[in-house]
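Enquirer: Next come the chains, spelled out residue by residue.
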Amino acid sequence: MQNFIDAYSWVNARYLLEGLWITIEVSVISIILSYILGAILGLIRYIKLKYVSAIVGFVIDLIRNLPLLLIIFFTYFGLPNIGVRLNPIWSSILAMSIFESAMLAEIIRSGISAVDPGQMEGARANGLSYWQAMWHIVLPQAQKKMIPTIVSQFISLIKDTSLATIIVLPDLMYHAQIIYGQNSNYILPMFLALAVMYFVVCYLLSILSHYLERRLA
Amino acid sequence: MKKLIRYLGLLTSLCVLALVLSSCGTKKAASQSVLSRAEETNTIVWGVKADTKLFGLMDVKDSQIKGFDVDIAKALTKQILGSKGKASFIQVSSQTRIPLLKNGNIDAVVATMTITPDRQKVVDFSDHYFNAGQSLLVKKGSSVKSVKDLDKTGTRVLAVTGANSVANFQKVAPKARVLELQDYAQALQALKSGQGQALTTDNGILLGMAAENPGYQVVGSAFTKEPYGIAVNKGQKAFVNKINQALKKIRENGEYDRIVKKWFGNISGFDYKEAEK
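For the record, the sequence lines run as chains A and B. Throughout the first sequence, residue numbering follows UniProt numbering, covering 1 to 217 in sequence. Throughout the second sequence, residue numbering follows UniProt numbering, covering 1 to 277 in sequence.
The hints are simulated quantities; they were obtained by calculation from the structure and are not laboratory data. One should not assume that every hint holds.
Said to hold, decoys possible - Pairs of lysine-lysine, DSBU-like flavour, derived with a Cα cap of 30 angstroms:
id, chain 1, residue 1, chain 2, residue 2
1, B, K61, A, K159
2, A, K159, B, K261
3, B, K84, B, K192
Said to hold, decoys possible - A few chain A positions that, by computed beta-carbon distances, are all more than 10 angstroms from chain B:
id, residue
4, L33
5, R85
6, W135
7, I187
Stated by the list, open to error - Pairwise CB distance ranges (calculated):
id, chain 1, residue 1, chain 2, residue 2, range
8, A, E18, B, G141, 28 to 34 angstroms
9, A, G83, B, K234, 29 to 35 angstroms
10, A, S113, B, G194, 28 to 34 angstroms
11, A, G83, B, E276, 47 to 53 angstroms
Quick reminder that beta carbons are idealized off the backbone N, C-alpha and C, glycines included.
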C-alpha cells in the first residue's frame, strides 16, 4: 500500500501528466493530418481516376498491411539516410499520420460506397453536377455512417502512440517507465495510472462520437 | 494476373528507389568529421540511457538525466572541448543506440554498452571505462546458488532485450530458457511474480535492485567480464583517440575515481575497485 502512496507523489503525478500532454499533442496533430490526407486518398480511390486511383490504392494497401511499429522505424531510422532527420515527436506524428490516413482512406471509401447509388443518380437527375451531388448529398450521408468507425480508429491511434516509446518518444508510457525506473516497486501503481489515463482520454472521445452521431442523425 | 504484375513492378521500382536513396545517405554521414563538428559547435552530443538506475536515469523532479554514464560524459566533454564545452544528452535504449549513432543523431554512445566483437564490426569503441560482470538476482531462500543450478531444462531466466547479457547467459547455461523483457523494472516485476527463477544482468544494476527490494539477493560470483566502452561511428578515428586521451586524463587526475565512488561507493557488496580496472 505504501508503494501506491509513494508512487503517486505530486512530482511523479506531474511528470506523468507531462507525458500525457505529449501523447495528446502527438495524437491530435496526427488525427488532424490523417483525417485530411485520408479523406483525399479515400476519395481518389473511390472515383477511379485512371492510373492515379490504382497507384493510390496500391499505396494504401501497402501501408495498411505493414505493422505500425515498422513505419515508426522507417520514419525515425530510415529517413535520416535521405537527409531528413526528425526528432522522436515528429517521427511519431509522421508515422502515425501515414498509417492512420491509409486506414481512414479505406473507411471513407467504403463509407461512400455504402451510400445507395440511387442517391447520386437522383441528385444528378435533378441537375446537380457530380461534385455538387457528392458534396451535398452523398458525403453527408456517408459521414453519418462512418463516424463510429472513424472514432474507433482515432481511439486506437491514441493508444498506438505508446508504440513510439521504442524510439524514446517522451509520451505517457515512456514517462511511466522512467518513474518505475526510479523505484521498481512503482511498476504496478504506474500500470494502474496508465490504465486510468488512457481510459479517460479514449472514453471522452467515444462520448464525443455518440454525441456527434445523435446530432447528425 | 495483369494487375498482379503491375503491382509487383511498382513494388520493385519502390525498392530500387529506396536502395538508391539509402546508398547516397550513408556516404554523407560517414564523411563528416564528428570531432571538427563538435569543436565548431562547442558541443558533444552523447547518447545515454534514461531508464537505468545508477548509469543513466531521468530525474523526475528536474528532468535531468543523472548517473555514472552521464557524469563520465560530462567529464570527457570538459577534457575534449575545454571547460566551456557543452555536453548535450539524447536518450537512447539498447535498441536505438547503434542506429542513432550510424545516422549521426548522436556523436557517441555512453550507455552501459559492452565491447563485443560483433559490435566492433559496426562501431568503433574507446578503451573500456567500466568493468561490469554479469550476475544473478534471486528471491531470498531460493535453491539457485550459482549459474550452474540454472543449466537445466525447464528453468526460465529473465533478462532485458537488446542487452548483451542474453547471449552470455546462453553460453554458460544453454539448457535454460531466457525470457527477454523491455526494461529492468519489468524484468524485476516478472521475477517477483514468478515468471522465472532468476534475473540476470550486470552486477551493479542487480545490487541496486537488491538494495531496494530486501526480499531479493545477488548470488554467485560474476560469471562474465563486461567491459563497457564508448561507441563512436566507424571512420571517426580522430574522435576515438581524443576520447581515449580524455579517459586517461580523468583516470590520472582522480576525477574518474570520484565519479565511481559517487555512484557505487555505498552499494553494499559492490567491488568498485574491480570495476575501475
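Enquirer: Take the hints in turn and mark each one as holding or not.
Expert: Going through the hints against the structure:
1. For the hint linking K61/B to K159/A, the alpha-carbon distance of about 26 angstroms falls within 30 angstroms, and the restraint holds.
2. Among the hinted pairs, K159/A with K261/B is inconsistent with the structure: their alpha-carbon atoms are about 42 angstroms apart, more than 30 angstroms.
3. Restraint check for K84/B and K192/B: the C-alpha separation of about 46 angstroms exceeds 30 angstroms, so the hint is violated.
4. The non-interface label for L33/A is consistent with chain B: the shortest C-beta to C-beta separation is roughly 22 angstroms, beyond 10 angstroms.
5. Distance check on R85/A: its Cβ comes as close as 7 angstroms (rounded) to a Cβ of chain B, failing to clear the 10 angstroms threshold; non-interface status is violated.
6. Interface exclusion of W135/A from chain B stands, the closest Cβ pair being 31 angstroms apart, more than 10 angstroms.
7. For I187/A, the shortest C-beta to C-beta distance to chain B comes to about 5 angstroms, within the 10 angstroms cut-off, and the non-interface label is violated.
8. The hinted range of 28 to 34 angstroms is not satisfied by E18/A and G141/B, whose Cβ atoms lie roughly 41 angstroms apart.
9. Judged by the Cβ atoms, the range 29 to 35 angstroms given for G83/A and K234/B is violated: they are separated by roughly 19 angstroms.
10. Between S113/A and G194/B, the C-beta spacing of about 52 angstroms breaks the proposed range 28 to 34 angstroms.
11. At roughly 42 angstroms, the beta-carbon separation of G83/A and E276/B lies outside the given 47 to 53 angstroms, and the hint is violated.
In the structure shown, a violation is registered for the earlier hints numbered 2, 3, 5, 7, 8, 9, 10, 11, in ascending order.
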